Each structure stands twice: as structure tokens, then as C-alpha cells.
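Heads up: the sequence shown runs through residues 1007 to 1169, numbered per my numbering.
Just so you know, these hints were derived from the structure itself, not from any lab. Heads up, none of these hints are tricks.
Taking lysine-lysine and the DSS-like style, the derived pairs with C-alpha atoms no more than 30 Å apart in a straight line are:
1) Lys1156 - Lys1069
2) Lys1069 - Lys1081
3) Lys1156 - Lys1081
Taking CB as the label site, the calculated pair distances span:
4) Ala1141 - Gln1056: 32 to 40 Å
5) Val1053 - Val1164: 18 to 26 Å
6) Arg1167 - Tyr1072: 18 to 26 Å
7) Arg1123 - Glu1068: 18 to 26 Å
8) Tyr1058 - Gly1150: 24 to 32 Å
9) Ala1142 - Thr1168: 31 to 39 Å
10) Ala1051 - Asp1137: 44 to 52 Å
11) Asp1124 - Leu1057: 17 to 25 Å
12) Asp1101 - Val1049: 28 to 36 Å
13) Met1162 - Ala1051: 33 to 41 Å
If you're wondering where the values come from, they're calculated on a predicted model, not measured in any experiment. Even for Gly, the Cβ is constructed at its ideal location relative to N, Cα and C.
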Amino acid sequence: MSGDDVAEWDLAPAATPAKPMPKLPPRPGTAPVDEAPAEPASVVAPVEPQLYFGSVDEFVREKLIYTYSRRVGPKGQFRWDENWWMYPEAISRLDALWRAWEALRLEGTFGMSAWWRDHADHHMRMLMAPDGVFAASRSENAQGDPLPYKAPPAGMFVDVRTL
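Work out the full structure: start from the sequences and follow the hints.
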């Protein structure tokens, strides 16, 4: 590149100064104490999404046992216990599955795919492994049937939508 090439850049007309940007209102909680915050335009609070299922039990009973269908039994490749709620690890993993499902169902593009790949397949593989949480379970089902299910004791899982 020669000096002549650069010289023509110097000859370009100066750009017209842009109009100054309007000052944005401060974010809530950041306004200086000595300045009164500007009156906000009518602010509509975003609608907070509501839970579809109110508890991990409702999620397991109404969704999971039907959609994660595997043939289970003491001699098969997969284990499941109809009393899943008797196992602290199972409660924790299934609660995480439920909460991830609640969040990802609202993501309109890849949410459910991510839920299956990153959450359901991972946690269910851990729970249903022959040496997993339900290794000693005797619960079984027939091919195509939902996973076995018995209701937990009354009051064990509250509907968090009503809190």
C-alpha cells in the first residue's frame, strides 16, 4: 500500500455528526439519590408463566410414566419402582426433570428436544439402570404399558401452584 492510497482517505468529506442519542432512563435501583427518577410510561409487567404441573408427583403420574415408556422388570434391561417416591435420589432427579420440563416447554423451538436429550435421557438412564436406584425393584409392566405407578402418601407432595 502506498502513501497515495492512504492520502485519498484523508480527502473524504467529514461525516455529518449524528444526532445525539437520547438519554435512556436509568434502570430500576440505579438512579442517583439526588435525582428523582423520571416518571415511567405505563409499564405493563410481563405475565409470569404458570406451572403446568403442580408437583413432581403430578408430573410423574400425568406425563412421565406415559411418555417415557420402557418395559421394566427385575430381569430386564430397565428398572423402575412404582413406589418411586420412596427413594430420595429418585425424588431429586424426577423433581429436576419436572422443573426442567416446565422451563423448556416454554421455549418454542428446541426446548423439548433439549429436555429429552439433556435431561430426560440422562436422568432416566441413571434411575433405570440395572445397578441404579431401582436395582432391587420388583415392579414390572408389559411392553407398551405405562411405567408402574402407585400414589405417594397423602400430603407428601403439595401442589406448588396453590402456595
